[in-house]
Amino acid sequence: MRTVECDVAVVGAGPAGLAAAARAKRCGAGRVVLMDRDRELGGILNQCIHNGFGLQLLSQELTGPEYAEHFINEARDAGVETMLDTMVLEVTRSRQIVAVNRTEGLIQANAKAIILAMGARERNRGGVIIPGMRPAGVFTAGAAQRFVNMEGYMPGKRIVVLGSGDIGLIMARRLTWEGAKVEAVLEILPFPSGLTRNIVQCLNDQGIPLYLSHTVVDIHGEERVEGVTVARVDSDLRPIPGTEWDIECDTLLLSVGLIPENELTRDVGGELDPVTGGPVVTDEMETSTPGIFACGNVVHIHDLVDNVTREAWTAGEGAARLAARQQPGGETIRTRAGDGVRYVAPHLLHLDNLVARDVRLFMRATRPAERVQVEAVVGGKVVFSKFERVVRPAEMVVLTIPPGKVSPGKASPDHAGGGSHPELVVRITPRDRDTAVEGGRKA
Amino acid sequence: MQARRLAADVVIIGAGVVGTGVARELARYDVRVVLVEKRADVAFGTTKANTALVHAGYDAEPGTWKARLNVRGNSLYPKVCAELGVAYKNTGSLVVAFSEAQVLHLQELKAKGRINGVPGLEVIPRERVLTIEPDVNPDVVAALWAPSGGITSPWELAIAFAENAVANGVELLLSSPVIGMDVRGGRVSSVRCPGVVIDTGFVVNAAGIWADDIERMVGRDDFEITPRRGEYYLFDKRVGHLVSRPLFPVPSRSTKGIVVAPTVDGNLIAGPNALLVGDKGDLATTAAGLAEVIEGARRLVPGLPARESITNFAGLRAVAVPAGDFVIGASPGVPNFINAAGIQSPGLTAAPAIAEAVRDILADAGLELAEKPDFNPVRERPTRFAELCRDEQSALIEKNPLWGHIICRCENVTEAEVVEALHRAVPCTTLDGVKFRTRAGAGRCQGGFCGPRVVDIIHRELGVAPEQVTKKGGRSYILSGPSKDSLLEQTACRCLAHAIRDDGQADTEDVGTEDACRIEMREREGVGGHAHGGV
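Same order as they appear, the protein sequences are chains A and B. Position 16 (the first sequence) corresponds to 16 in the working numbering; numbering is contiguous. Position 178 (the second sequence) corresponds to 1178 in the working numbering; numbering is contiguous.
If you're looking for bench data, these hints aren't it; they were derived computationally from the structure. Check the hints yourself; a few may be wrong.
As the list claims (entries may be wrong) - Going by beta-carbon spacing under 8 Å, a handful of chain A positions derived as facing chain B:
#1 M1
#2 D85
#3 M87
#4 N101
#5 T103
#6 L106
#7 R121
#8 N124
#9 G127
#10 A136
#11 T140
#12 F147
#13 E151
#14 G152
#15 E222
Said to hold, decoys possible - Calculated cross-link-like contacts (lysine-lysine; reagent style DSBU-like; alpha-carbon spacing at most 35 Å):
#16 A:K112 - B:K1237
#17 A:K181 - B:K1484
#18 A:K181 - B:K1472
Backbone N, C-alpha and C define an ideal beta-carbon position, used for all residues, glycine too.
This is chain B alone, in the form it adopts within the complex (with noise of 0.2 Å):
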């Protein structure tokens, strides 16, 4: 089959909070932009695995991408949220530290934020730390208070990112893994994915833990991503109101160590720990590193109770070796391929910063960077039936009977909510995809109550049969089939021929057979016998 052709001024490959994050920002300018992302959905790797932090920047040594990014990421991030309807708080945030040592290190944090330009860092005394927060571990001694730290939700902004993108004009291809590049006198010419080949102006990689391999592509080996594993628990609404604000401990050189932290629906998070993996695809959790987890974040709040855990999970982040910073800018040799790589923490927090960046070095490397005057940079946050109150509540009811319909009865998710998330502009087609649009399967039975009618309801809107509908693309099935298919298989190996070739004396049966006897016997069951084998 021919492939198909499209022609791009810049192509985004990896549609996580980076990639979408630059093309909202491209999608202000006159450019033609195509955001490639292998996953069925956007957002679907490390952006859905972290600790849905803003930090304050405290942490990054002077002068590096992360600090600098950091810093201008956070001052953006009110307005950015405001503008996409996205869920942010402005917490604050605790570094505990439970030793006089420890303070020494806390004035050496707010010294470097002071460096770093993070506004307001203060000490604070053991009495305010538990005024503000009481569950915390009452030997803590001092708390680095950052007043710019704060909460989010890193898929609901890489999909309102991805979702602004689309409704300004960039073209968005799911299910599109880069196979192949082509590379003439010195520069990235198109980028192929199965079935489509688009010729192209600029690249930029935001592929996360696959950046290196997508530079590869175009002959470079500059970093290495050494997936650096980080496990989480998620804890019940129950007790999410053990802390106010996310709590460090001091860090460590390489990681800030296990935190506990609000979350913006309520719940309560706690991790990560940090394991180099080997393999991209290992995001499984283990029993020790849990037990890490949860020891750390008991360090932090002693009263933490393990039984409130509704789900665990596991996040891979990008650690580029040897930079040890982000590594953003031309990959050397190919300067219209621009990497957006190496995004570890503090990459959601620095991401409309990195946004920017991205924009500048495109600009700088020859782009032209003409503003749109119909660019709408305001994407409504989609209506949340738990979100209302009751009068606005019976108003939609009154619109809309779907409105009435509660499909998760965790987080009062109704019908409306989830039909209206499979028909956006960026298609969601799986059930963490409406998870993450609407919170239906967030909750604290997981899906055991609304799974079976979200796989109904993505059925009848999207067409796609019940045993195709995934979890989360690719063969994630959640059904293997009508119920007695199996049963039909097997009773129709059953019939005669195959008994004999079952002993051994007709085994020159060919396949065509098993075929028949499976189609007779449905016509049979159809009419209600049940003469052929016997189960």
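Here chain A stands alone, though its shape is the one from the complex (with noise of 0.2 Å):
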């Protein structure tokens, strides 16, 4: 078996491991090592060629593709080494990974620092269990993207979507724009799950109707799909008797959620979070494992690709610390989602690191709101707030924590009201239940 040394290994070549593995090199790490299971660099960006990538981060509308040749050239630049068609086999606690290809065969990488990047999976019908025939027809959105855009074929005639995630609502546009018709789209929530740009230019500039609260209940067809039985749903999404109808069609795509990709962090044994089933991770995104540090969609999942790059960047710079034996050390605080917040992560700030620069905490709203603040609580106290004009569990909400907000001190378990344990609370409140309570919180 072929052995390699290094700083950093870096697992998944898609925008997550691109940018970590360029910011560990461009940090000071030594060997760098990329590693992809797929034939090219860029990962899932290689087959999403609609435009919309990189409006943040490059102030440039670029498609997929063009966002991933940034970064390739960015990782090629700073010097990183790649290793293609290769697939990672075995993650250990000890930092080795086993990964094989066809020229090299099984290759032992043995790191100083290791960054899962594996991005996600999509959740297929097993995982929401449509009831049904099982005919040929019935593909994960992705997989039908990958079909139309990288292989050259269609996957069917007639469409209807199930879910409104970004990438069914992508492929309903693309389909149509491919001569498919795309007869409808369903969410089972109330509201849509993919972007609100999403749903504007791929649904209602195409004509294509979106159905919020209907979910598929049944699939016919023996051999290929041939119709589906759609439902409305009640408030807690239980199919409502006698409001199904058949919608003919030979494809159902469906767009149901990703699944953060963690079998290998698993098989290292670390914390993971129940809610994003990825890691919990520290604000340089180390896991609880030493030495194993995640990203992008392993950690949660991203709905735009900026703040994958900006998540990896962190991933990056915290690898090269650890391989120059020059991470933080000292107290950590725990993050927790509080009031109308689903998950915050990271999960753990390290004090030094909150007194020295912007510490950024991505979340998700568990209900769309309008005009609220977002706002980090330590020990009962507002240490930090923002105000938005709406937020959507589709739409991430980052909170970039300020130098100084939160000192040592303040997090203190003394201050931090009972519990051996200090927390920093994110929760999202309606602004006009307002400062008389909370206090002290800035305008």
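Build the complex from these two chains, which are given one at a time in their own frames, with help from the hints.
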């Protein structure tokens, strides 16, 4: 077995892995090796040929492959070594990787730091439990996207999309442009799961109907899909008897969520967040297994790639610091999702970092709301907050805490209001239920 | 077209685990055997959708075919699976009782099992149950321990039976539904499939849920198959550790109840419920049925997480009425037509014993069975990358780099395995066929990642156009065609001639024009122009 010694090994060359590897190298790490199981760098970006990537970070509207190219060039320029068509079979707590490819066979990489950037996979029919027959013609939206955009084949001609996730919306438009008829997009929730711009550009502009609070309750067809039965759902998301109707179609696309791809993370044995399904990470993007970092969709599902890149930079910096033995020490404070917040990442913040630099918190709202304050609370006191005109579960909320808002004194157990584990709670509250109760918040 | 004519001593109808088992048994002898199957592959009926259990044999009424063949089949499993390279684990099994009344029932099962000849049955107390199965419902009172129970892979067994049969001279005809049989002087003389007529001395009816329809083709109507649907959950390997052996509830009169069992591949399976359905094509799962399954499963293992479900499916048990037992033997009045029908549970367990029983019936009916000296009972287990140690993996990649290319990331299946599966003695041409042989697509992402790659390999290896590749034969195409095709169709119809027709002014247009437009469109596209129409 060939052995590779390196400072940093990165698993997965999608947007997260590319940015993390390049940043680690730029921050002084020695040998950085980036592995991916696909034949090209860029991961899922390669099949996302629509535009809208990079608006925040690069101030340009790029397609997926263009966004990937930017970061592929950065990684190459930085001197990152890449290994393609290479499947990682195993990651150990002692930071060894076993991988395999056609040309070199089995490879063992010994790294000072490992960055897990495997991304996510799509939730499929078994995951959402759609009753009915099991014919050909049921695809996850991403698999259909690969067929259309990379292999040059159509999954079908009359399409129903279940779920209003972004990939499903993009594919509804793509398939329409390719000449298919998209009969309907169904969303079980009373609000869309995808970005507003995708609802507008991919459905409204194409004349594709979106049915909120609807789901598929039956699939017809023995060999190939012949139709689906759909129904309205009640507030508990249960189909309402008597509201069913049939839609003839030959294809059902599923855009019903992404699942962080954490099989390797589980092998390593770190703590996982039950809400995100991803690892618990520090503000350095280090998991609870020392030296194992993670970033991107493997940690939690992002909607904008720009945020993935930002998170990956943090992971790259963290891994480089670890390789150089310059990690922050000292106390940490735990984050917790409070009212109106479904989850928050990262999960542990170094007090040293809170003093010294910006610390970015990613979170998702539990429900759509207008005119809210996004607040960080320590020991019952709001230490930082910002106003948001609209929050939606589909769109990540980012709260960047400037240096010095949380000082070591404030977060000590004495001031945290009991309990020996100081925590920073993030919450989303209506703006009008205001300052009197909370006190001390900045306007 | 003149039908091809074949001559056989025995035609076996149906290539499920029963038909392939009979074929492999007869392959030991110097007889000409043709195995016909209406689907595109073996094991595509009830064999692919059941609980995959090797039952001990305490359920069946003493004296029935079920009782005899279950216990005999169970005892044959270790040898058969060793010879054929099929996964089999002798895990033992437990029937779990939750009340004193149910414990009495366990005693009855134990007594029945003793009469049936089941070895080692024992009622064990709560503490012992919880020691060996810590995740079982703590309300357990006692359980019936059956050390001879086990688990296997039904489709692996049927594929291995078929491959070993073919290797020993059996002819297999896939995608060959029987459309008729000729009966002369009270005996079947030939079996007709599309494009082929097989003259034969004997027929074995192993047609599963269609066995009654097949029997009617020889003018008999001795039983009816009433399909009883069972629905299943399959769970991620992540929760495979929850149980170590099949757990049964105390059975009712008609079914053994909803079981929770490990699979030989490390997953967990739960099911089946039981619902009589009128339609032999009705393999649909239902919301109510799946809810019943998860509820039943949680009575046994309360910690079973529904979110770890990776797929659901339904199978149809071939229940023969009025028999209630397996229907095995010559059809009354047609002495060379042998039924192996009504093979519901414990049919999988009984399959190797059914093969022996059918062999004996054929011999009694006059089939001469001379052993072939060159019969090879061994079929090597196909090499699986994921089952090898690192050194073995390295050695394989050195010989053939395709062993280093992972196609299915959930089950770590390599390109070499997929290629090998496509070129074995029993043809494999479909995505499901590849899945059953290699496990590519059987994992937690259910083919989302490997699907496009497997389509591509089938295209390359078998010379099938991607849009002709199917999930499971017939018209189960994966793809509708190259992208832009339907666009070209639409665009073509927007040419001037059709625009006029759309306005209702030229509706005498002949059909030829549309095709002409399309061809013209393609030609123009070919030179890079989009002058025609406009989208």
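So which of those numbered hints doesn't the model satisfy? Result: no hint breaks.
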